[in-house]
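> These protein sequence lines are chains U and R, in that order.
Plus 906 on top of the position in the first sequence (first one is 1) and you've got our numbering.
Plus 906 on top of the position in the second sequence (first one is 1) and you've got our numbering.
Keep in mind that the hints are not guaranteed to be accurate.
No copy labels: a pair is met if it fits in one copy or bridges any two.
Stated by the list, open to error - Derived lysine-lysine pairs resembling DSS-like cross-links, with alpha carbons at most 25 Å apart:
{"#": "1", "residue 1": "Lys1035", "residue 2": "Lys1123"}
{"#": "2", "residue 1": "Lys1105", "residue 2": "Lys1061"}
{"#": "3", "residue 1": "Lys1061", "residue 2": "Lys1178"}
{"#": "4", "residue 1": "Lys1155", "residue 2": "Lys1103"}
{"#": "5", "residue 1": "Lys1065", "residue 2": "Lys1103"}
{"#": "6", "residue 1": "Lys1165", "residue 2": "Lys940"}
{"#": "7", "residue 1": "Lys1035", "residue 2": "Lys1061"}
{"#": "8", "residue 1": "Lys940", "residue 2": "Lys986"}
{"#": "9", "residue 1": "Lys939", "residue 2": "Lys1053"}
Honestly, the hints are just simulated from the structure, not real lab data.
There are 2 protein chains.
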Amino acid sequence: MKVLIVGLGLMGGAYAYKLKNKGYKVYGTDINKKSIEYAIFNGFIDDGSAKPELFIAKSDIIVLALYPNLIIDFLKKYSKYFNENQIITDISGVKNSFIYEAEKLALPASYVSHHPMAGREKSGVNYSKEVSFKSANYLITTTENSKQYAIEILKQLGKDLGFGKIHVIDCNKHDNVIGFTSQLTHAIAVSLVNSDKDKDTKYYIGDSYRDLTRIAKINEVLWSELFLENKDNLLNHIETFEHELDNLKNALKNDDREKLKEIFINSTMIRKEMDK
Amino acid sequence: MKVLIVGLGLMGGAYAYKLKNKGYKVYGTDINKKSIEYAIFNGFIDDGSAKPELFIAKSDIIVLALYPNLIIDFLKKYSKYFNENQIITDISGVKNSFIYEAEKLALPASYVSHHPMAGREKSGVNYSKEVSFKSANYLITTTENSKQYAIEILKQLGKDLGFGKIHVIDCNKHDNVIGFTSQLTHAIAVSLVNSDKDKDTKYYIGDSYRDLTRIAKINEVLWSELFLENKDNLLNHIETFEHELDNLKNALKNDDREKLKEIFINSTMIRKEMDK
Chain U
907 MKVLIVGLGL MGGAYAYKLK NKGYKVYGTD INKKSIEYAI FNGFIDDGSA
957 KPELFIAKSD IIVLALYPNL IIDFLKKYSK YFNENQIITD ISGVKNSFIY
1007 EAEKLALPAS YVSHHPMAGR EKSGVNYSKE VSFKSANYLI TTTENSKQYA
1057 IEILKQLGKD LGFGKIHVID CNKHDNVIGF TSQLTHAIAV SLVNSDKDKD
1107 TKYYIGDSYR DLTRIAKINE VLWSELFLEN KDNLLNHIET FEHELDNLKN
1157 ALKNDDREKL KEIFINSTMI RKEMDK
Chain R
907 MKVLIVGLGL MGGAYAYKLK NKGYKVYGTD INKKSIEYAI FNGFIDDGSA
957 KPELFIAKSD IIVLALYPNL IIDFLKKYSK YFNENQIITD ISGVKNSFIY
1007 EAEKLALPAS YVSHHPMAGR EKSGVNYSKE VSFKSANYLI TTTENSKQYA
1057 IEILKQLGKD LGFGKIHVID CNKHDNVIGF TSQLTHAIAV SLVNSDKDKD
1107 TKYYIGDSYR DLTRIAKINE VLWSELFLEN KDNLLNHIET FEHELDNLKN
1157 ALKNDDREKL KEIFINSTMI RKEMDK
């Protein structure tokens, strides 16, 4: 299987490195020539160039490891090189804002999106080797146009990348649930850290504060885009969360110990279910 | 040095076990006889009984490892056994609601409070051996009445328990900052988990959601008490947090990408400072 990785950043580099080790023929492209040189020198890719058109025609799978807003640009620019045997995919954290346009632009190739739920505190291809997918979810995000054989090939790709769990999920449902588990989570961590008005806080923190705020260190370009592209879902989730926090605040204001206990028993039950 | 541990739960047991290994003479008391038997059998304590009065007079340090509301009850009941050479302390997570009354009831002994900032997801003396204080903060919480020699002895206790960092902090400041780093953090995690209305969420979570919500598994009796005893500080912090979340929500509503970036840059800077 021949794969072209478009964008040799942290994730693109990790894809290249892992697939190369699984015996795929891997090509790489990036606007940054140093990233290509690094990837070749470290054996992540068989060949690379800043010109994707050199590799598109001979690749079976094209993985767009790009910021969401660059996906459509890429498809427009290079659509003339696509063919009907190819599968094109991307690793973006939100899907609805571009997926239908991407499917059309990719024709005659088959476009099926996916989302690797792996952490990215660092950035750049020089950290790619550190990325582990072992305990991470790999979500194949489909629409009514997605072809079954493309889904099967993406499943195999996820297995070969070493992902712990592989799920197929509708794009709409994906953006809704990710708005909750990922974007709301980041919105909360960021707001918590920004509400710290005491310069001495750092001397008095425990593991809970540390764990909860780790993701407040955030790539502002990527995340402002993810937030805006999933705006409606995220706003809904923020409001549901605020409603729950208000419940707790009111129980506290009213010295309602029984209500507080009930709230804690509920959260304990839901969170334990998640560990199963 | 002779120490009496009052309350052989998870934390009391951990104190006993670690101090015994450091050469302290350790007595233990609990209303549950099985906990005492376990602690003797496993070498956590030299002697124990459900009757604290058997050990109070011969102890140099008395550690009240009790729920906050039981501290005053204990002091009232046993004050006649205290002497002026003794130091009495507790491990409660909030202080202001009882500290001044405790100081008076403890006389002629010296009462100085402290707060071991160590996790307690599990409970019970049979998990005490698993507790590690190595990377945890140990806060000695003082008032204008705290005697210096008592503070020094508590510092030594913290060192012998193996705590990573030992700080002395005023009780008022303590309750304010803990309202932020601990109680607000738990309020947020609980509200986030309770706002999960989708039974499939667990299939689509990443590390960030898992880390942020771990503390939503919470002991409802202890935490409703901690929340209520630190009510004013916690309500203030919840409101400051809500204000920050509103800022983010408004930037999103207004499609204000630059404002979002600014919010993310700010949180990244504050959180990085915390790692130093």
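> So, for every hint listed, does it hold in this structure?
These are the hints, each one checked on the structure:
When the C-alpha separation of Lys1035 and Lys1123 is checked against a cutoff of 25 Å, the pair qualifies only within one copy, where the shortest distance is 21 Å, while the shortest distance between copies is 34 Å. Taking the closest pair of Cα atoms, Lys1105 and Lys1061 come within 25 Å of each other only across two copies (24 Å); inside a single copy the shortest separation is 48 Å, beyond that limit. For a Cα distance limit of 25 Å, the shortest separation of Lys1061 from Lys1178 qualifies neither inside one copy, at 29 Å, nor across copies, at 37 Å. Within a single copy, Lys1155 and Lys1103 get their C-alpha atoms as close as 20 Å, and across copies as close as 20 Å, so both meet the 25 Å cut-off.
Proximity of Lys1065 to Lys1103 under the C-alpha cut-off of 25 Å is found in neither arrangement, the shortest distances being 46 Å within a copy and 30 Å between copies. For the homomeric pair Lys1165 and Lys940, neither the shortest alpha-carbon distance inside one copy (59 Å) nor that between copies (32 Å) is at most 25 Å. Taking the shortest alpha-carbon separations for Lys1035 and Lys1061, only the intra-copy value of 22 Å comes in at or below 25 Å, while the best inter-copy value is 44 Å. In the homo-oligomer, the alpha carbons of Lys940 and Lys986 never lie at most 25 Å apart, since the shortest distance is 27 Å inside one protomer and 77 Å across protomers.
Taking the shortest alpha-carbon separations for Lys939 and Lys1053, neither the intra-copy value of 35 Å nor the inter-copy value of 66 Å comes in at or below 25 Å.
Against the hints set out earlier in the document, violations occur for numbers 3, 5, 6, 8, 9.
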